[in-house]
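Since chain A is already given, all that's left is putting chain B on it; use the hints.
Chain order of the listed sequences is A and B.
The opening residue of the first sequence carries number 0 in numbering that gives the first Met the number 0; numbering runs sequentially from there.
The opening residue of the second sequence carries number 0 in numbering that gives the first Met the number 0; numbering runs sequentially from there.
Derived by calculation from the structure, the hints in this document are not laboratory data.
All values derive from a computational prediction rather than experimental measurement.
Derived Cβ-Cβ restraints for the label pairs, each shown as a range:
| hint | chain 1 | residue 1 | chain 2 | residue 2 | range |
| --- | --- | --- | --- | --- | --- |
| 1 | B | 6 | A | 504 | 42 to 48 Å |
| 2 | A | 47 | B | 9 | 27 to 33 Å |
| 3 | A | 335 | B | 5 | 27 to 33 Å |
| 4 | B | 6 | A | 361 | 52 to 58 Å |
| 5 | A | 362 | B | 5 | 48 to 54 Å |
| 6 | A | 335 | B | 10 | 31 to 37 Å |
| 7 | B | 16 | A | 174 | 26 to 32 Å |
| 8 | B | 5 | A | 395 | 44 to 50 Å |
| 9 | A | 357 | B | 6 | 46 to 52 Å |
| 10 | B | 16 | A | 85 | 41 to 47 Å |
Ideal placement from N, C-alpha and C gives every residue a C-beta, glycine not left out.
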Amino acid sequence: MENFDLTLVDWSRGQFALTAMFHWIFVPLTLGLAFIIAIMETIYVRTGDEKWKTITKFWAKLFGSNFAIGIATGIILEFEFGTNWSNYSWFVGDIFGAPLAIEGIMAFFLESTFIAVMFFGWNKVSKRFQLLSTWLVAIGANLSALWILVANAWMQNPVGMAFNPDTARNEMVDFWAILFSPTAINKFLHTMASGYVLAAVFVVGISAWFLLKKRNTVFAKQSIVVASVFGIVSSVFLIFTGDESAREMAKVQPMKFAAMEALAEGRTNVPLIAIGFLEQQPTTTPDGELQHGDFAFKIEIPNMLSYMTFLDPNAYIPGIKDLVNGYHNPRTGQDVPSYSEKIRRGKEAITTLKMYKEALRAGDTEKKEEYGALFDDPEWVESTFRYFGFGYYNDDNLAGLVPNVPLSFYSFHLMVILSGHFLALFVVMLIFVLRNRLEKMRWLLYVAIWTIPLVYIASQAGWILAEMGRQPWVIQDLMPTLAAVSQLDASTVQVTFWLFAVTFTTLFIAEIKIMITQIKKGMTGGQ
Amino acid sequence: MYLSQIIQLLLWPLVILITYWLVRYNLKKLNKKLAEDGEEV
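One chain only, chain B, in its complex shape:
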């Protein structure tokens, strides 16, 4: 009962969690590039 709606609701924290992982990954890439270009991180 209401299982599909509950599963849909769980996507909400998943969006935040996926964002956090991708932010950490992309920040590492940015910081590496900034260091290569001589910008202070």
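The shape of chain A in the complex, shown without the other chains:
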């Protein structure tokens, strides 16, 4: 711990978070809006109704500016793996690099090629080829996200790899295990669904503005139907995939799961906290004891968390203290070691690697084979090497191994509560648009418009939970975030942080202005 420049770590994290959060302003809209546009264009091609061509082109213009900034910021993120997280890239680049490369070669080329036809192909290629291009852009954008999310899911649940002590790198041994890890599939589907919901809220909100202004009202109502239906189906899918994601998290990231529910102590019949306010973040006392802040206020649903997680209202779920101090799981019958024990085993793994390296350098074949055999021994790998990351810590500050509980708790609950609001909005908007009564319900139109910023907040909250809930790990239990940074001077990262902050803010303002200008021009380009 004492060998790490924590100022550098914090600024590096801040810079990556800034870039990722800015990137994620644009990407989810692209993911969902692409399919909304594809559905609208399909209606145009099937019916031959020119009005649908107009609607399609209007939403495609808004899609275009988002797409460009989304890609630009995505490229910056990929560069930051090398510039700011070179130790991480060294340690797991052989695994993490593969999905990123596939994303670049397969999905990114697919969407980038056909986006030209999507925008500039009107009246130059056949209607059907134009439509095919739009669908391929939508599929390409989503496939692009698939590979990124597979890479991210691997950081949450590292599978399909083996450690090579000669290079001190982790290497991929099972590509399919990484691609089809339940964490990866759930993450992909849940993130896609959240993007669809975001895009649906965006289209509903902008269309509501047109109704308030009494402009392009028929176009707006038709757009609301498309987006509300897409929103309802996607919201149901979002709930289903969110539920699956949480169950998987309970298995592979129990600390994140306990943090997002602020579950201090493990028990059976665990209630679900519907709404709550926390007193404080867990701390460590001078004698090393973990202290947990309780709730100042909470409303809970009895037995619900146990039931939702294990389909058993009596199921045991470990809390933060149990995970830190070690516990016996009555559900599985397993004894889970304490963090102090994991730290001891992690240090043993690090020492073994050092001894192996020294034997290698000294040409001591006997010692090299002795230590090298351990890395090939599945029992030792499972009992000791899997806690490699814990070896970077000491057991005098165990609270440092607990993620930020209030942040995890609030981001999770905000995301869930807002998702309920979005689903309700879609249902109400669909009911009243089909009765042709929306224009008379101005309050509802205002709610729809003001839901646009809320959906962005919910989307960011999801990622805050995913990434902050995993801390202090960059790769769960294997590599601490502080060991992943490039050895730079903290001041250089501070400079680039502020440069990025200014650039992103400028780009954001420009993007909003472009959007507002396009929207004000109207769906028919000037009414």
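Positioned in the frame of chain A, the structure of chain B alone reads:
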């Protein structure tokens, strides 16, 4: 092997397909209502 994950993945195109069917159905309803109310569709 990985069957449940593959089945889960197939839900993705299903979401789009179901959306498309429901959009067509609801647009017919909307257009009918707009025509009844004398709005040009």
